[in-house]
Amino acid sequence: MNRLIMTTALVAAGAMPAFAQEVSDNVVKIGILNDQSGVYADFGGKASYEAALMAVEDFGGTVLGQPIEVVTADHQNKADIASNIARQWYDTEQVDAIMELTTSSVALAVQALSKDADKITITTGAATTELTGAQCAPNSFHWAYDTHALAVGTGGALVDQGGDTWFFLTADYAFGYSLEEQTTEFVESKGGTVVGSVRHPLTNPDFSSFLLQAQASGAKVIGLANAGLDTQNAIKQAAEFGIVQGGQRLAALLFTLAEVNGLGLEAAQGLSLTESFYWNRDEASAEFGNRFMERTGVMPNMVQAGTYSAVLQYLKAVDAAGTDATEAVSAKLHEMPVDDVFAQGGTVGANGRLYKDVYLMEVKKPGDSDIPWDYYNVLQTIPGDQAYISPEDSGCPLVNG
Amino acid sequence: MTTIFGYPLVVWMGQLLLGLINGSFYAMLSLGLAVIFGLLRVINFAHGALYMLGAFVALLMATHLGINYWFALVLAPLVVAAGGAVVERTMLSRLYKLDPLYGLLFTFGLALLIEGTFRYFFGASGQPYAVPGALAGGMNLGFMFLPIYRGWVIVASLVVCLAVWLLIEKTKLGSYLRASTEDPVLVQSFGVNVPLLLTLTYALGAGLAGLAGVLAAPIYQVSPLMGTNIIIIVFAVVVVGGMGSILGAIVTGYLLGIAEGLTKVIYPEASNIVIFVIMAIVLILRPAGLFGKDA
Numbered sequence: 001m002n003r004l005i006m007t008t009a010l011v012a013a014g015a016m017p018a019f020a021q022e023v024s025d026n027v028v029k030i031g032i033l034n035d036q037s038g039v040y041a042d043f044g045g046k047a048s049y050e051a052a053l054m055a056v057e058d059f060g061g062t063v064l065g066q067p068i069e070v071v072t073a074d075h076q077n078k079a080d081i082a083s084n085i086a087r088q089w090y091d092t093e094q095v096d097a098i099m100e101l102t103t104s105s106v107a108l109a110v111q112a113l114s115k116d117a118d119k120i121t122i123t124t125g126a127a128t129t130e131l132t133g134a135q136c137a138p139n140s141f142h143w144a145y146d147t148h149a150l151a152v153g154t155g156g157a158l159v160d161q162g163g164d165t166w167f168f169l170t171a172d173y174a175f176g177y178s179l180e181e182q183t184t185e186f187v188e189s190k191g192g193t194v195v196g197s198v199r200h201p202l203t204n205p206d207f208s209s210f211l212l213q214a215q216a217s218g219a220k221v222i223g224l225a226n227a228g229l230d231t232q233n234a235i236k237q238a239a240e241f242g243i244v245q246g247g248q249r250l251a252a253l254l255f256t257l258a259e260v261n262g263l264g265l266e267a268a269q270g271l272s273l274t275e276s277f278y279w280n281r282d283e284a285s286a287e288f289g290n291r292f293m294e295r296t297g298v299m300p301n302m303v304q305a306g307t308y309s310a311v312l313q314y315l316k317a318v319d320a321a322g323t324d325a326t327e328a329v330s331a332k333l334h335e336m337p338v339d340d341v342f343a344q345g346g347t348v349g350a351n352g353r354l355y356k357d358v359y360l361m362e363v364k365k366p367g368d369s370d371i372p373w374d375y376y377n378v379l380q381t382i383p384g385d386q387a388y389i390s391p392e393d394s395g396c397p398l399v400n401g
Numbered sequence: 001m002t003t004i005f006g007y008p009l010v011v012w013m014g015q016l017l018l019g020l021i022n023g024s025f026y027a028m029l030s031l032g033l034a035v036i037f038g039l040l041r042v043i044n045f046a047h048g049a050l051y052m053l054g055a056f057v058a059l060l061m062a063t064h065l066g067i068n069y070w071f072a073l074v075l076a077p078l079v080v081a082a083g084g085a086v087v088e089r090t091m092l093s094r095l096y097k098l099d100p101l102y103g104l105l106f107t108f109g110l111a112l113l114i115e116g117t118f119r120y121f122f123g124a125s126g127q128p129y130a131v132p133g134a135l136a137g138g139m140n141l142g143f144m145f146l147p148i149y150r151g152w153v154i155v156a157s158l159v160v161c162l163a164v165w166l167l168i169e170k171t172k173l174g175s176y177l178r179a180s181t182e183d184p185v186l187v188q189s190f191g192v193n194v195p196l197l198l199t200l201t202y203a204l205g206a207g208l209a210g211l212a213g214v215l216a217a218p219i220y221q222v223s224p225l226m227g228t229n230i231i232i233i234v235f236a237v238v239v240v241g242g243m244g245s246i247l248g249a250i251v252t253g254y255l256l257g258i259a260e261g262l263t264k265v266i267y268p269e270a271s272n273i274v275i276f277v278i279m280a281i282v283l284i285l286r287p288a289g290l291f292g293k294d295a
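Chains as they are written, first to last, in the UniProt record's numbering: chain H, 1 to 401; chain C, 1 to 295.
Everything labelled a hint here was simulated from the structure, so no lab data went into it. Any given hint could turn out to be false.
[As the list claims (entries may be wrong)] Once the Cα atoms are required to be at most 25 Å apart in a straight line, the calculated SDA-like pairs of lysine to any residue come out as:
1. H/Lys364 <-> H/Gly345
2. H/Lys46 <-> C/Asn229
3. H/Lys46 <-> C/Tyr120
4. H/Lys46 <-> C/Thr117
5. H/Lys364 <-> C/Gly137
6. H/Lys365 <-> C/Ala130
7. H/Lys78 <-> C/Leu110
8. H/Lys78 <-> C/Gly137
9. H/Lys46 <-> H/Glu22
Could you put together the complete structure from these sequences and hints?
Structural data, given as structure tokens:
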């Protein structure tokens with residue numbers, strides 16, 4: 001018996017250096033790059049970094065016998081700043097993969113740069129389908145959600161529930177247009193019509209003019225194709241103008257638990273939205289949510305839970321590949337199923353898209369929410385293959401066929 | 001139905017009223033800026049932060065001390081004004097003898113500091129502040145649904161603006177203030193405490209910003225970013241009105257609010273730049289501003 005243990009120990013000890021040689025610089029280093037001070041600071045922010053640390057701890061702190069390190073930086077929603085940080089991380093700080101990447105412009109820039117640098121990115125914070133569409137990259141992945149899933153969830157499902165006429169309040173930049181365009185497509189494919197839309201400037205404090213126009217249009221659903229503070233102000237002021245009481249429905253196309261919490265249930269009640277994660281959906285998610293809450297003081301939204309999942313899956317892939325070399329890990333990421341608290345039975349397409357369920361939610365009334373952060377009713381589960389564009393239709397040049 | 005430029009008259013009337021509401025905030029904020037600039041020659045970049053501070057003080061009073069909106073309406077501006085007085089006394093007053101640029105840089109830094117601190121503690125998405133019960137709901141005016149609270153904002157801001165204008169233009173204290181900007185040494189030799197007057201002036205400007213913040217709290221999300229979003233517009237208002245002109249700041253505030261409201265009907269994409277276009281035109285035609293004395 002003793003001999004057996006000794007042999008095992010010897011084999012293990014002998015094997016360790018062999019594995020270690022496969023890990024560059026004797027450390028696996030992950031960078032979490034996102035907005036930590038601007039409009040999306042609650043959307044992902046520092047809490048995403050905590051999520052990454054949690055994933056490392058849950059994985060055991062080491063992979064292939066080498067330590068795992070997580071670094072983080074604030075890109076201030078500026079693509080040039082993000083690119084500089086990414087370049088520095090790759091060139092001088094031995095970062096192996098960059099994740100989170102809130103804001104589409106930033107994600108696209110860093111993904112393009114990483115393609116040239118031959119490094120892995122896993123985007124959880126940005127929305128654009130371009131990441132796994134025309135601008136897809138062989139070692140880049142899109143994890144938590146995208147504009148298509150939001151459009152299918154909130155747009156498609158609401159039409160099914162009778163909301164067949166729409167009016168859009170759209171943020172006047174690329175993200176707003178693509179969200180409006182994709183949602184319109186869904187609304188129309190289900191037999192609904194779009195009766196009008198208005199484009200408002202980014203970070204617009206007062207929505208009353210636009211809301212009056214939406215009210216006058218008589219549309220059953222007012223779609224908010226904007227994000228962050230803009231959406232919050234629009235919803236708060238819609239309550240002031242009695243829009244929901246008047247029988248019109250508000251649909252926030254990009255709105256997460258963090259923003260619902262900021263707005264409060266009083267103003268947010270009845271709102272329809274789509275997320276790919278809700279902490280109080282089942283036992284495992286609640287357990288994760290509570291652990292996350294203890295560390296950060298907030299419950300995770302889909303970006304933060306998605307970041308946890310992305311880091312965990314990356315480490316599993318490194319482990320399975322026996323190396324942190326980009327190509328080998330990337331191949332594992334493409335082929336391994338994703339099973340964790342965020343995704344169950346998730347698969348990754350050739351375009352880098354993670355296919356998993358997304359959920360159409362309705363925000364609860366203040367009286368119906370009995371525990372803190374219990375904000376959603378899950379109205380509908382939308383399977384991943386319906387929520388996301390298939391690799392074949394994504395327009396990604398890497399997909400054959 | 002009567003139409004103007006293809007839009008029904010009722011649409012115009014609704015937007016006119018909404019413009020007036022936004023104008024109320026512009027007027028109150030630019031009034032404070034104009035008072036501070038007119039009397040202290042300081043370009044107060046911290047004005048947006050003080051406005052945000054007013055909203056947050058009201059919010060914190062409500063959540064931690066249970067102080068309701070009406071008391072907060074009085075107390076929060078006083079707190080902000082007191083804070084302003086301390087800043088003026090201990091720091092800003094040391095910069096008067098230097099180039100005005102130093103005052104601008106100092107207040108800009110101060111604004112970043114205050115906003116950064118609040119962002120650290122409260123996050124970027126901010127928190128809601130409920131409309132006070134007595135002013136909840138709305139009424140149908142025939143051409144639009146007017147939330148009662150917004151009507152209250154117009155009334156309150158008009159009263160405040162008028163009161164400040166009277167204070168500075170028609171009272172003895174006001175005449176001291178104006179005199180000490182013309183010739184502080186002479187006024188001081190008459191036995192008037194000029195440094196104290198300047199402190200009071202800054203406190204008044206800060207208090208006005210705080211009051212605007214409390215009034216804004218139930219309408220906008222109370223967020224650390226709310227000041228940054230509005231401050232640039234308010235500067236444009238002051239420039240259009242004429243730097244330092246108090247009446248100019250008030251009138252221009254309302255006018256530009258209306259101009260912005262009407263733009264939101266015709267061409268919404270331009271609604272955030274229309275004020276700057278007007279500013280550019282005014283600066284070309286009347287460099288001293290609409291109400292400014294030609295320098």
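Hint check:
1. Taking the CA atoms of H/Lys364 and H/Gly345, the gap is near 28 Å; set against the 25 Å cutoff, the hint is violated.
2. With a CA separation close to 23 Å, the supplied pair H/Lys46 and C/Asn229 stays within the 25 Å bound.
3. Of the pairs offered as hints, the one joining H/Lys46 and C/Tyr120 holds, with about 11 Å between alpha carbons and a cut-off of 25 Å not exceeded.
4. Distance restraint check for H/Lys46 and C/Thr117: the Cα-Cα separation of roughly 15 Å lies within the 25 Å cut-off, and the hinted pair is therefore satisfied.
5. The straight-line distance between the Cα atoms of H/Lys364 and C/Gly137 is roughly 21 Å, inside the 25 Å bound, and the hint therefore holds.
6. With a CA separation close to 16 Å, the supplied pair H/Lys365 and C/Ala130 stays within the 25 Å bound.
7. Proximity of H/Lys78 to C/Leu110 is assessed by CA-CA distance (about 24 Å); at most 25 Å being required, the pair is judged to hold.
8. Using a Cα cut-off of 25 Å, the hinted pair H/Lys78 and C/Gly137 is violated, with the two alpha carbons roughly 41 Å apart.
9. At roughly 31 Å between alpha-carbon atoms, H/Lys46 and H/Glu22 are farther apart than 25 Å, so this suggested pair is violated.
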